[in-house]
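Chains as they are written, first to last, in the numbering used here: chain E, 4 to 275; chain A, 4 to 275; chain R, 193 to 442; chain S, 12 to 364; chain H, 12 to 364.
Treat each hint with caution, since some may be false.
[To be verified] Below are the DSSO-like pairs computed for lysine-lysine, each with C-alpha atoms no more than 27 Å apart in a straight line:
{"#": "1", "chain 1": "R", "residue 1": "K239", "chain 2": "E", "residue 2": "K230"}
{"#": "2", "chain 1": "S", "residue 1": "K123", "chain 2": "S", "residue 2": "K145"}
{"#": "3", "chain 1": "R", "residue 1": "K308", "chain 2": "R", "residue 2": "K350"}
{"#": "4", "chain 1": "R", "residue 1": "K388", "chain 2": "R", "residue 2": "K308"}
{"#": "5", "chain 1": "A", "residue 1": "K230", "chain 2": "R", "residue 2": "K239"}
{"#": "6", "chain 1": "A", "residue 1": "K230", "chain 2": "R", "residue 2": "K411"}
Think of the hints as simulated: they come from the structure by calculation, not from any bench.
Quantities reported herein were computed from a predicted structural model and do not represent experimental measurements.
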Amino acid sequence: MRLIDTAPVRAKRGSRIPLALLLPALLGLVFLVLPLAGLLIRAPWSAMPSELSSPAVWDALRLSLICATSATGVSLVLGVPLAWLLARTEFPGRRVIRALVTLPLVLPPVVGGVALLLALGRNGIVGRWLDSAFGITLPFTTTGVVIAEAFVAMPFLVISVEGALRAADPRYEEAAATLGASRLTAFRRVTLPMIAPGVGAGAVLAWARALGEFGATITFAGNFPGKTQTMPLAVYLAMETDPDTAIALSLVLLAVSIAVLVGLRDRWMSTP
Amino acid sequence: MRLIDTAPVRAKRGSRIPLALLLPALLGLVFLVLPLAGLLIRAPWSAMPSELSSPAVWDALRLSLICATSATGVSLVLGVPLAWLLARTEFPGRRVIRALVTLPLVLPPVVGGVALLLALGRNGIVGRWLDSAFGITLPFTTTGVVIAEAFVAMPFLVISVEGALRAADPRYEEAAATLGASRLTAFRRVTLPMIAPGVGAGAVLAWARALGEFGATITFAGNFPGKTQTMPLAVYLAMETDPDTAIALSLVLLAVSIAVLVGLRDRWMSTP
Amino acid sequence: SSSKSTTPAASGASGSAAASASAPKATGTITVFAAASLTGTFNDLGKKFEAANPGTTVKFNYGGSSALAQSIVSGAPADVFAAASPATMKTVTDAKDTATDPKVFVRNTLEIAVPKGNPKNLTSLQALAAPSVKVALCATQVPCGSAAQTALTAAGVKLTPVTLEQDVKSALTKVELGEVDASVVYQTDVQAAGGKVDGVNFPEAAKAINDYPIAEVAKAPNAAGAAAFIAFVESTEGMQVLTAAGFQAP
Amino acid sequence: MTTPSLDAHLQVERTGFSLDLALTAGAGEVIALLGPNGAGKTTALRALAGLLPLTAGHLRLDGKALEDPAAGLHTPAEERPVGVVFQDYLLFPHLSALDNVGFGLRCQGRSKKESRAEALPWLARMGLEEHSAKRPGKLSGGQAQRVALARALAVGPRLLLLDEPLAALDARTRLDVRSQLRRHLAEFDAVAVLVTHDPLDAMVLADRLVVIEDGRVVQAGTPAEIARRPRTDYIARLVGLNLYQGVADGRRVKLASGAELTVADELTGPAFVAFPPAAVTLHRGRPDSSARNVWELTVAGLDLHGDQVRADLTGALPLAADLTPAAAAELDLSTGASVWATVKAAQTHAYPA
Amino acid sequence: MTTPSLDAHLQVERTGFSLDLALTAGAGEVIALLGPNGAGKTTALRALAGLLPLTAGHLRLDGKALEDPAAGLHTPAEERPVGVVFQDYLLFPHLSALDNVGFGLRCQGRSKKESRAEALPWLARMGLEEHSAKRPGKLSGGQAQRVALARALAVGPRLLLLDEPLAALDARTRLDVRSQLRRHLAEFDAVAVLVTHDPLDAMVLADRLVVIEDGRVVQAGTPAEIARRPRTDYIARLVGLNLYQGVADGRRVKLASGAELTVADELTGPAFVAFPPAAVTLHRGRPDSSARNVWELTVAGLDLHGDQVRADLTGALPLAADLTPAAAAELDLSTGASVWATVKAAQTHAYPA
Ligand SMILES: Nc1ncnc2c1ncn2[C@@H]1O[C@H](COP(=O)(O)OP(=O)(O)OP(=O)(O)O)[C@@H](O)[C@H]1O
Ligand SMILES: Nc1ncnc2c1ncn2[C@@H]1O[C@H](COP(=O)(O)OP(=O)(O)OP(=O)(O)O)[C@@H](O)[C@H]1O
Ligand SMILES: [Mg+2]
Ligand SMILES: [Mg+2]
């Protein structure tokens, strides 16, 4: 009752939620949630405690969270400027560039990993040079996992943020310019805060995608417990011998990611 | 010179693109595009013509495009209302629901397929009933492919569109209401056109993700040529016997998806 | 499950006679779920079977053995299941989803795969243990991994691989691309790579042979076809195709 | 119709601000809502439109209860027969001017073609035919405001809410739109509530003025009543009078500041005194005139108002005085100068506070 | 300083509209840009600010060339020492009022604390201290406009561009902000260009008026010059005169409509004739007066303007007449009534067109 002029007003004002929106929305929700219900029903609850007491599980989980978060960080640092470039400047071939950015989504995961190896592997285009000049090898390292995850996750961020930028009113940037803000300052202090919900959405997508990443990671970074074995790899391998364990591990992964996403303050996802 | 008051003005006005944005943007672009360059260099160009003359490739490609587009359609129909519900109404547990929506991203692909089987398979929670009541079985059918792809792709759409909705000024909906527009009409005629760039971005993400989908599809829908074998599955199988073919097929997939994405008019991705 | 196998599963010659006897009954579409590593050979077998049995169509669903097993347990409309290891077959038999007892139809032996020309000149399992050698092994959860582990134990070699791969192909890819110096994989895989990698035999391989079981699926839509196809795989003609690809008769 | 068309008691609580405003109006009546910035005018309009729920009070239109928080009744905005012109227009950016005007009609079920055909005359009335295909982003400020006006009028509302509908219009268009608006309001016998800062608009368009400050009504009445007897400083400024509050005792009114005014009306108790700036005479030295009210003051500012100079004076009592440019030149007025001001008692107007 | 501070020739082409406007101003000069809706005022301000590139022409400020399309020179907005108050404010929605004002200072490298400390007095000057923590969404329209003004002034611009800076302000605040603005403009000897629809604002604040219509200057000069000799209908309305264009021959001016006017000034060739509405006398029947200009006209509308009634008349020539309410009542004026209007030649003013 006290927050009378924030969100609840909207819900109140509109009184009834139109059926034509509510129905498909609920159907969509059921469609997304039902399979999870299936997993929960099937889950080997009695075996759960013993699964969870295994330190290997926690290692994989920790590694997953660290790598997914780092990959999201890399995506933000490189992807937000890229989105800005696509949305706010005009250059020949911009549409081709935008299409290229989405390609990692289309690439079958294993091929993605192979592509990464061809570029950054020991004998890759750039990797060869990284190796000989700096002695850096990326495959089979935790950094490699982050790279593989960023490769598949960044496009989500770029496309989301570009959409948000295009929907934002560029006249606020003009107002900032007349106050002496360089394009960079205007971007940092005006545009970015204004499109925070879009960036938030993109980051959530990228994070979740990175957390679930499997194909490119195992191909590029390999699978070594404690170093490059993330939860999805552990789940995949468990599936080979013991599907119940695999389902149990998946549920752990899901539970943790729900906890993180619910814990995200609404502030990251809403307008000022 | 004639289009003086559309986009080019912005590029002109800003004269210089700040290095602090340009540099990471280019780095990001190189990071995403370099592995593709790797694939191109490695590609078995001489074998290409014979690959492309095989009707099986075209079958798989056609199926991929049809299924990814259908899955995007399903995602739009169910996902946009769901995004609206998340962004524009206030109900207890909204944050949990939003977190649940992102779970298909986190689910390792094969587990996703298993979850779908548990829900919609012949012995699944709902599938059993679909089977006995209507004689409908979804697994191992083309419809099954669409369902598996929609399951993994819809979350991208929902989250993108929700972000766009949150960034949109709700006062335009108020203005529409004072003109007699129901919430549904206001949504269809005002909000939706205004957030078109966000929906466009979400649809592109969903389409690309569906096109590249592999794990859930092979588990839930199987891998039957002409019926459920999409390009990524064909690539996977080719990888088993002949990696060169796999790379050739991937390139075909990439080329087609670039063609589609470049062909998308900018209008789907920009504000009115 | 091995205690259940009462039929003489391991006789190629007698099998082929039985197969030709039961073959004529087969009609319609036969759906075969097969491990991805069988793709090449089974595609061949399928064509030959269709030629030998006019009016039949063989449809293959290739994938990871375990994913296939999950599909079958969940009610997939399969007639035949050919797995890459007894362990995955066990998932299906445990769920009582096989109509016949699984039979081992081929076996596969290990080899060391090295980049073409064997630049590091690796000739034995022991050589892989050198710190300067980067080795990719299969994870122990998958058949090639557990077999490799058995061989390594038998050889008394302790080595730390840089990665535990999810399947043979990805281990092999890394050798092909030169990302690792060696891997322990199946002979069939080295052969399928068609000269892009070299194979090195080692004696301990004999202690770690992998069996490929095949079985008819319970509730198979085309039970007769399934039996005919299994018989054909086990026939002399079938074995010829399989051994040509590097598999060994059981 | 003996019951009023609009019968509202708007109570709204927001952090740091509360609105409590009773409004009634007969059919065809136009009410102007005036008040300083932040007084709650926009808040009141939003509450009337149903965009902001009432905390308490009620709202009835044409005898029908639209809102009654005590009874849990809240008719949503889209079901109220209201038209709103927003302070910042809120034209739909993706629709042409024509389709913006036709939007309400389409919501009533008209086809695209019908709605356009009906919307065009509205644009024409606003002199915007040639801009009908333009998106709002390509309209000038005043053009946008007229489109917003046409959009609100096109649905034929029973209650028209206008938040500064003429503010961005140029002098000529303002006259045209003003008479348009008057004609339209008269024809349709709808109730209109108009927020404006322009006293002229208020006087010309409204039958009754309601002045609010800080969420409360401080004065209400016909333009003439209010112009004659302003009760707050804001209103006095609005109608161009000098206004003082004090305690009357016969013909003398003593102000809180200590200054005294001699007035024409006889009165006792709390009282207001008002007189127009033109009633003030300025002198360089102490005057010997018969005027009863004489003060020495300092010039704080000088403005040209049309063909008059307006002098702002401070001192014993703050005062605005109007004089001709010639007189100003003769007195050699400049900011900071000291002058004597006289006001004849006969030109003042005193009334109970 | 013999060279003007601002020396601009703004040429901008857009679809369906072109602007061609020469503007010069000395240091400390305030120029008011007036013109009907859609005349190109906002377009001109945007070009001055560097938000819209010139198609041709040039722009120099304080002797420095900022833009010269022929030479390929275009200084971006952020490097121009300009301050802009936008017609729809464009306050940053995610920053408090205080941080909006401090934004420009932060861009100049001040720390958050410093910029806030410097911004607060600006808000205080606008009477908005207590609203300093509010986000723009929670400010009223007038409050938002004052914040926008403070934000533009806080960076100490050399060229201040104001698009209707006083439109949303209430009567009192308007006076305060107007004198604030004047003081400030005088102190800083910057050039200011002000778009306004309010003739009073223009007259009070500006040293020189530039009136544009359809992208072209139609008249420029001091307020007094323009008020005396309006050259277009728009300006005549603005300054409250009746204006006619015709051909003079001695003391008679023949209009295109056929009507003739007798004037005081002797003139030949194309000419304007202007007279104030107060110079018109109305009569119920044909008058026998000595007035040389007599027409029978029809009442098209009646408005109350302050304490005068303004009658809009149509017929042989359209006319606005001012009369007292008493006179209006006596004549029993109402819309549609027929009246006789007379204007003494001595009260007209004729000048070459
Ligand atoms: N969303 C909001 N939340 C909290 N306070 C608000 C909100 N909107 C406005 N206010 C405050 O409520 C008061 C009344 O605002 P309102 O917009 O009704 O004023 P107004 O009379 O329309 O003023 P103006 O003439 O400047 O437009 C102001 O003090 C304002 O700061
Ligand atoms: N982005 C644009 N593209 C094309 N035409 C435009 C654009 N913006 C404005 N115009 C047109 O240019 C003309 C001048 O517009 P401008 O905004 O400069 O007018 P203005 O003088 O500021 O009017 P107002 O007093 O109503 O604000 C108008 O006819 C307008 O419709
Ligand atoms: Mg307001
Ligand atoms: Mg304008």
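These are the hints, each one checked on the structure:
1. R:K239 / E:K230: violated (45 Å)
2. S:K123 / S:K145: Holds, at roughly 17 Å.
3. R:K308 / R:K350: holds (25 Å)
4. R:K388 / R:K308: Holds. K388 of chain R to K308 of chain R sits at ~6 Å (cutoff 27 Å).
5. A:K230 / R:K239: holds (19 Å)
6. A:K230 / R:K411: Given pair K230 of chain A, K411 of chain R holds - Cα atoms ~22 Å apart, limit 27 Å.
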